[in-house]
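Could you put the whole structure together from the sequences, leaning on the hints where they help?
Each chain, letter by letter, is given below.
Protein chains: 2
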Amino acid sequence: MVKIVECIPNFSVSREVDEKAFQALVDCAESIPGCTLLDVQTDGSHNRCVFTMVGKPEQVGEAAFQLCKCASENIDMTKHVGQHPRMGATDVIPFVPTLNMTVEEAVELSKQVAERIWKELSIPCFLYEDAASRPERVNLASVRKGQFEGMPDKLLEEDWEPDYGERKIHPTAGVTAVGARMPLVAFNVNLNTSDLKIADEIAKAIRGSSGGFKYCKAIGIMLEDRNIAQVSMNMVNYQKTPLYYAYEMIRTLASRYGVEIIGSEIVGLLPAEAMVDCAAFYLRAENFDCKKQVMEYHLINE
Amino acid sequence: MVKIVECIPNFSVSREVDEKAFQALVDCAESIPGCTLLDVQTDGSHNRCVFTMVGKPEQVGEAAFQLCKCASENIDMTKHVGQHPRMGATDVIPFVPTLNMTVEEAVELSKQVAERIWKELSIPCFLYEDAASRPERVNLASVRKGQFEGMPDKLLEEDWEPDYGERKIHPTAGVTAVGARMPLVAFNVNLNTSDLKIADEIAKAIRGSSGGFKYCKAIGIMLEDRNIAQVSMNMVNYQKTPLYYAYEMIRTLASRYGVEIIGSEIVGLLPAEAMVDCAAFYLRAENFDCKKQVMEYHLINE
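Those sequence lines, one after another, are chains G and V. By the count of this note's numbering, the first sequence reaches residue 1763 at its end, each step adding exactly one. By the count of this note's numbering, the second sequence reaches residue 1763 at its end, each step adding exactly one.
Hint data in this document are derived by calculation from the structure and do not stem from the laboratory. The structure displayed is predicted, hence computed values, not measured ones. Don't take each hint at face value.
[To be verified] One-sided and incomplete, this derived list gives chain V residues near chain G with beta-carbon spacing under 10 Å:
no., residue
1, E1467
2, L1704
3, I1723
4, L1731
5, F1742
6, N1748
7, Y1758
From the three backbone atoms N, C-alpha and C, an ideal C-beta is built for every residue, glycine too.
Shown next, in the form of structure tokens:
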């Protein structure tokens, strides 16, 4: 079975501010055989762009490295201005296992790419999220704290020796964070109430941090235009905390307030398995094997 | 977007009865670039085998033709014995649109292949199911009635001129039926009752032929080993009659008898869309776009 990994590198440049450098990155991404550029987001005020690429691990790893090289040749962080926190020309490279691949394999890939970035480009790298070498490096915000301008000093602190490289930033490309994590599904559930407190209470009950589902992050928000409250979630491991766990628990908790679910939103891309598992649950399918019975997996595996 | 078609040709030979001819077909199927042989079923008492292939229309059409040629060179219908009704060395070739393809496009493909089989192999062809040229040819059993031995006379009857070819069978390869249909999902729902009559009544209520869902075929059967009744269905157009229509209607009808659904079975392959649509229904997903948001479609479309 073919393994597919997703990679979502973030670069400190935008089409709006430096079209030439931005285009060089796009051209670079499109030049790697076997790596598919699904999406490019660019934001002028952030002066930052985000690529979404998929393919086999070897090709996607190659693409991540080549993009990092291209960014180091085209972006000068000493001149970078933008609203979004950043510490490198290539700011962050997350790898996400998408098909027939474990998060451990994605961690291994992130380490290989980080090592190569240091050895061939002399850009120091931190490992983060599931690839992190110690707990305080799991959270990207902690790793990036101080940003490009603060990194020369930060790297000299006892706890902040890079995972790959010397305690000295690349003069123009800074520092890069490379990591791995499970696919994240952005899943929001809308309630037939305008009482934000109800959504807040439900969010608190279902999120892992306060005793709910381990791989669910949740907050209550108001959809002002519709005047309804929403439980807004990031499902950070849909295999271990499926979408229907959250949906059914929200339904149960809402009923206590006489409130009902009126709809949900799934934002952006998600693996078919996350939806197929829900269908199998609600249809009470016995012995359903997603990978064997869903035709599309056979098409991908060829 | 890439188009993918499935083809499930049936040949009048089995590994058990004639291993050499059977293997020639397998080798032929595996030799066509861009056509993937997913599955081969062979049955000695039927003396028949069924191939499941997928790929782009052009390659799968080529494979179907080459297999038909191979069968005509390796199978002599004047010597064929088997329990399953059959009329040709290649008995039947159905094309099923699987991805980014309409059933009309599959009909077009079936006509091209049938025409080529006649022109290059001199095997007369009937079109059937959605490709049928007249109502009495929709049903394969009607087309095949009389079988190989009766075909010489049948082709001379006023109503049974082949769609492609003369009114004369190929001396050893007989006649072939070529057609197109939507993917079929075999979907069975198990009830917590041992009363077959209840499953029969529900099946009658939900099937199109007696006034239920147009694209649902259903019968009641007993699962003797579990002593429970089952509504056994073929969902012949999951886009127009989704699986959850049937499931929810069965649940409602069963409740009238104080009976509940205890599980379901999905047999064999089905398109991801058939499951994703169910998930979107039960999760009340607003504005969910299966083809854009499910990652795997992007992998296939590259």
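We went through each hint and held it up to the structure:
Annotation: interface hint on E1467(V) holds; nearest CB of chain G at approximately 7 Å, less than 10 Å. Restraint check, L1704(V) versus chain G: the minimum CB separation of about 6 Å is within 10 Å; hint holds. Given the 10 Å rule on beta carbons, the hint for I1723(V) holds: about 7 Å separates it from the nearest Cβ of chain G. Evaluation of the L1731(V) hint against chain G yields a held restraint, the C-beta minimum of about 6 Å falling below 10 Å.
With its C-beta approaching chain G no nearer than about 8 Å, F1742(V) sits inside the 10 Å limit, and its interface hint holds. At its closest, the beta carbon of N1748(V) sits 7 Å from a beta carbon of chain G; the interface hint therefore holds under the 10 Å criterion. Hint status for Y1758(V) relative to chain G: holds, with the closest Cβ pair at about 7 Å, below 10 Å.
Against the hints set out earlier in the document, no violation occurs for any number.
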